[in-house]
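Q: Residue numbers (the working numbering), protein chains in the order written: chain A, 642 to 822; chain B, 23 to 146.
Keep in mind the hints are simulated off the structure, nothing from the lab. Treat the hints with care, since some could be wrong.
Unchecked claim - Listed below are the simulated DSS-like cross-link pairs for lysine-lysine, each with C-alpha atoms no more than 30 Å apart in a straight line: (1) A:797 with A:658; (2) A:732 with A:759; (3) A:778 with B:109; (4) A:690 with A:797; (5) A:773 with B:73; (6) B:73 with A:778; (7) A:778 with A:765; (8) B:109 with A:773; (9) A:658 with A:732.
To be verified - Part of the chain B face toward chain A, derived, beta carbon under 10 Å: (10) 33; (11) 56; (12) 57; (13) 122; (14) 124.
Here a beta-carbon is modelled for each residue, glycine too, at the ideal position from N, C-alpha and C.
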Amino acid sequence: MKGNELFNLQELLSRQKLLICFSGPFSHSVIEELGKAVRNHLENERIEKSAIMDVFSVYVEQAQNVRNYTASREALGRPIPANSGIVVIGKEGDHYVVSSGNLVEADDVPGLSAMLEKLRGLDKAGLKAVYKEQSRKPREPGASGAGLGLIDMARKATRPLEYSLRAVDDAYFFFSLEVQL
Amino acid sequence: MDSLRIEATSCSPLIDFDPAAGLLRIEGESYPENSFDFYAPVFSWLEEYLKDPAPAVVLDIGLSYLNTSSIKCMIDVLEMLDGAHQKGQTVSVRWHYDSDNDRALDMAEEFAEDVSLPFEILAH
Numbered sequence: 642m643k644g645n646e647l648f649n650l651q652e653l654l655s656r657q658k659l660l661i662c663f664s665g666p667f668s669h670s671v672i673e674e675l676g677k678a679v680r681n682h683l684e685n686e687r688i689e690k691s692a693i694m695d696v697f698s699v700y701v702e703q704a705q706n707v708r709n710y711t712a713s714r715e716a717l718g719r720p721i722p723a724n725s726g727i728v729v730i731g732k733e734g735d736h737y738v739v740s741s742g743n744l745v746e747a748d749d750v751p752g753l754s755a756m757l758e759k760l761r762g763l764d765k766a767g768l769k770a771v772y773k774e775q776s777r778k779p780r781e782p783g784a785s786g787a788g789l790g791l792i793d794m795a796r797k798a799t800r801p802l803e804y805s806l807r808a809v810d811d812a813y814f815f816f817s818l819e820v821q822l
Numbered sequence: 023m024d025s026l027r028i029e030a031t032s033c034s035p036l037i038d039f040d041p042a043a044g045l046l047r048i049e050g051e052s053y054p055e056n057s058f059d060f061y062a063p064v065f066s067w068l069e070e071y072l073k074d075p076a077p078a079v080v081l082d083i084g085l086s087y088l089n090t091s092s093i094k095c096m097i098d099v100l101e102m103l104d105g106a107h108q109k110g111q112t113v114s115v116r117w118h119y120d121s122d123n124d125r126a127l128d129m130a131e132e133f134a135e136d137v138s139l140p141f142e143i144l145a146h
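Construct the entire structure; sequences and hints are all you get.
A: Have a look at this one:
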């Protein structure tokens, strides 16, 4: 990347109070190492342990969602082009904000937005009920997750989950998710 | 029956199950690459063990962090033990947490809500 492009990128990123930004193919070791770095950083900030764990756990759920989704499409023989996701942890005022973005297949968009709209409309008690219901369901064969990640993030968030789905071409949408803690 | 021991890593917990003593220990953090693969040997060991367990079985859990797919696995482990309890076997859970980590306490309380076996939550 050329020097002036790097400068612009860095300037854009530093306008947010950024803790960490990663873009590229997510492997388990990348997720683990970045997670350690985030925790070390937050421990040095002397914030409460519960707040550190909230940021860390939302980061892990987002990063593992991106990785699992990408891996599942690969397993189906439909690898995602430009196999890369992004995760960003920053601070807005007193709140930590954990965001992620990745390409999703157009066919998955209606289900994803219906799920997010449902979660956005629920209060704490409603989210807990949905969480309990989902956690008791038998695991779907072949599923890499338990279907609890988004619900868990919504429960930890201090405002409804923000998301966007933008068409990239006929086959893919860019899905972004923002969780404020 | 053989004991089951899986050493901890930075993202998966220690599993240390002693069948004769009835002491089952899970300790550490749990967000492995694939939780269901990681816990598969735990499920199959427990399924076999609970057919003819020690007179008293205690599961000691010291998990400071679980990702959601590990939470699902832990619910399944607790349901297996709860099933044994409902059949009249003596089974209990002791959940240990670090007293300055409120989230670990919230999590323990939610696990306890869904089972009927004796479930102690202990601060350290």
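Q: Please go over all the hints and tell whether each is borne out by the structure.
A: Right, here's what the structure says about each hint:
{"no.": "1", "hint": "A:797 with A:658", "result": "holds, 21 Å"}
{"no.": "2", "hint": "A:732 with A:759", "result": "holds, 26 Å"}
{"no.": "3", "hint": "A:778 with B:109", "result": "holds, 22 Å"}
{"no.": "4", "hint": "A:690 with A:797", "result": "holds, 14 Å"}
{"no.": "5", "hint": "A:773 with B:73", "result": "holds, 28 Å"}
{"no.": "6", "hint": "B:73 with A:778", "result": "holds, 24 Å"}
{"no.": "7", "hint": "A:778 with A:765", "result": "holds, 20 Å"}
{"no.": "8", "hint": "B:109 with A:773", "result": "holds, 24 Å"}
{"no.": "9", "hint": "A:658 with A:732", "result": "holds, 5 Å"}
{"no.": "10", "hint": "33", "result": "holds, 6 Å"}
{"no.": "11", "hint": "56", "result": "holds, 6 Å"}
{"no.": "12", "hint": "57", "result": "holds, 8 Å"}
{"no.": "13", "hint": "122", "result": "holds, 5 Å"}
{"no.": "14", "hint": "124", "result": "holds, 4 Å"}
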